[in-house]
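Student: Residue numbers (my numbering), protein chains in the order written: chain H, 1 to 383; chain U, 1 to 514.
A portion of the hints provided could be inaccurate.
Said to hold, decoys possible - Chain H stretches covered by chain U per the calculated footprint, using a threshold of three residues with CB under 8 Å from any CB of chain U:
id, region
1, 139–148
2, 215–223
3, 256–263
4, 342–356
No wet-lab data here; the hints were simulated from the structure. Where is the CB? At the ideal position from N, CA and C, for every residue including glycine.
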Amino acid sequence: MELGSENQNYSPSKVVDIKSIERELKNLWKQLTEEQEGEIKQPVTRVTVLNLIIYAPGETTYGRLNETVAELTKHHPGRVVLIVIEPDAAPTTLDAQVTAICHPTSGGRKQVCCEEVLVSAGAETVKGLPSLVDALLTPDLPTALWWRDLPRLDAPLFNRLASSSDHVILDSLYFEDPVKGLFQLDRFIKSNRHTSFSDLNWGRLTPWRSLIAAFFDVRDFNPYLFKLNDIAIEYGLGPRSDQAAPARAWLLAAWLASNLGWEFVAAARAEDHSERLLFQKGDRKIAVELRGQITDETRKGTLISVKLSADADPPAKFIVSKTEDRHRFETREEIAGVTSIGKVDRVDEFTEVYLVGAELELLGRDFHYEQALDTVAKIAAAR
Amino acid sequence: MSGTITLENPLQEGSRRIEWVAEPCVVVIFGASGDLTKRKLLPALYNLADQHLLSPGFSVVGFARTEKSHEVFRDEMRESVDRFSETGPANKDVWDSFAQGLFYISADPRSAEGYAKLSDLLAQIDRERGTAGNRVFYLSTPPSLYGPIIAQLGAAGLAKPATGWTRIIIEKPFGKDLDTAVALNKEVAAVFDEEQVYRIDHYLGKETVQNIMVHRFSNGIFEPLWNRQYIDHIQITAAEAVSVEDRGGYYEEAGALRDMIQNHLLQVFTLVAMEPPVSMDSESIRDEKNKVMMAVRPIKIEEIDRVAVRGQYGAGSVGGKPVIAYRSAKGVNPESNTETYAALKLYIDNWRWADVPFYLRSGKSMPRRVSEVAIQFKRAPHMLFKGAANQLEPNVMVLRIQPDEGISLKFGAKQPGQAVRIRQVNMDFEYGTSFARKSPEAYERLLLDCMLGDATLFARRDMVERGWALITPILEYWKNTKPINPFPNYEAGTWGPREADEMMERDGRRWRRP
């Protein structure tokens, strides 16, 4: 093993039962210190701050996933249990491989290592997976499940793994019917209160929410927050005009409504496939439109702009938009039709590592997400 | 720490993901041509902008004597950010947006004319960039200019304008002794209200210093032990490996007691010793810190030689590199008696800490740079393992402030085998390996807190004066007497003078090797 090199994985060994796995893990730690070259042995530190179960079906995705896991463990060291269902494997397949993932730190003076147990299962042995995973979890640490697949909320494997976890990370980006999917997710979360949930799609909304909220931290603009009456959320349709509004657009609209105490009144889908939602707060009616724009395929499902208008004296508009090259956000305010100072913000790179890492930092219930989901569920029920 | 946001913004409430954005404001930096602006302030402000924490209209006005245009100032600040920002060179788009808010005034800080220009420029910025009369005045000048600048701000009507809020950040040193600190406080109070005044101590901006409170008050297991029943003594160390280098001229007027102990170490000392506050608002926390200072036993003149040690490094080597003696450094009097090392023993006369000594030390040209708080617990009351008695050391909890920020606990464990042999082991938590997020740089944290109106991490007037009241008699005594052993009395690259070890040995203790 070379010191100072990143992401060193050690020769995995094949074992299939818990005792063997734990024995192999112990041997791995011994191996890490004994096999160092040179006379001076650098200390190897085992760090575990959490258990991370990753459900990643399909052997073909494993290669890229290996890099993602290595990056994640750099910042969230722990025991990783990686579940791969191999569709072409024999149905009775159940293999486990133990690997250490090490990262240099402190100028190369130390190696920080954590463990990965890769479990491969066939169609018939899937049932036994949850009990195997349960036995592998390090005690007294939070357990997060990253379901790296279309969330199948009624699947026994998902339910069982979720019940062993303190926190589940999903991605509503993949819902085929976003509104229906969010509605089902809302019901699932409400019936599983002992577990908290994250949605990577909600994480993608963080800069939008942050930039929108920031308008109203300004003393002069704050009063407009309570006079908003028209919201337009634009998203990319891709080349076809009949695509449904993406989950992100729904979640953003629902976030505004739930945080600002707007009551849902009615929803309608227009001929151009845009969604028109009506909310009410006291005497004030607030119209929210989710509006698609034809774009190229790469912008399909992404948010393009959010415009918030306030009917006040003078009237005001607050706009957050992403530039065409998607590398920057631009924000501006228009008061009485006059554009005031704008700002440019960099767009963070939303890789899987970034998004999942952000969720692992928070671990715990996100009440604002749950409230937004509840609002989407009310809209879905009324449609 | 909680901010003091007064606007209602439900879109921000309760969200762990979204951080508070400062209201649009102008930061006016007096002494903008200096090193602090280039190395720390502008990089910190740029990083805040890059993290989306500043409003669109945020602006900076550099105020200094050197003649230059706005454009030249912007170019220079771009170079500073590229060079000194911990996150690397500036992103072009973010910089272009940020730089539109950078301005410069060249003027004499003692002359009223400069403040008239400043007033006009601030009004223009308010109109064009929507900064709504919100100002932070940052005094990054030699202390001799603090009084004149404050007076001129008052005379120009800039201290308490009709609209917006105004705050003033004052860098250390805040006075040279009790009299000058009191005098400076009076000058400040004549122009600003105390809630407008932010006395900066960048140690308080360090994540690990803030973690002292989290460590104590969010974990149920430590606080019951945090008192005289279980703690034998506490050592607070701030050691620097660097020598005085080319700052001899400044250091001759300062010395270790003024430069490090009066401010940084006393702040850390109060955090370690304070009672739990009733809430996390800035005044509650600062009240508790001040109460610690009120309870510190004053040091009598006749006690000083026993409880305070001074030292000055001679030639030696640090990290294998030769170091010249302090007296040979540029700007230093060859017969200087300025201390480059100081150690102090303090007692706090209250129920929690009676008879528990706190040992504070700081020095230059020490073997390595380290700042830490080491809490040494009392030994086990009854030694069951008689054969292993001489292997057992007391438990020590170390809060490491820098480097390798984290916390460790030393305890005894049995070595495998038939005999009972005990070995000391360390249970270790390191920020760097346990958390994904990079800790914000101290100045980023402090500048943003000031803009948000949160004074928790800034020194209050009473605490500053009490710190000087404690230290000033020692400074006076040292000024009027010769060192017990002539200077230099420790070699560069060692942990300080023999007298410091003797102070501990008289108490049956010894200094930790950090």
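Student: Hints first: check each against the structure and report whether it holds.
Tutor: Against the structure, the hints:
no.	hint	in the structure
1	139–148	violated (count 0)
2	215–223	holds (count 6)
3	256–263	holds (count 4)
4	342–356	holds (count 5)
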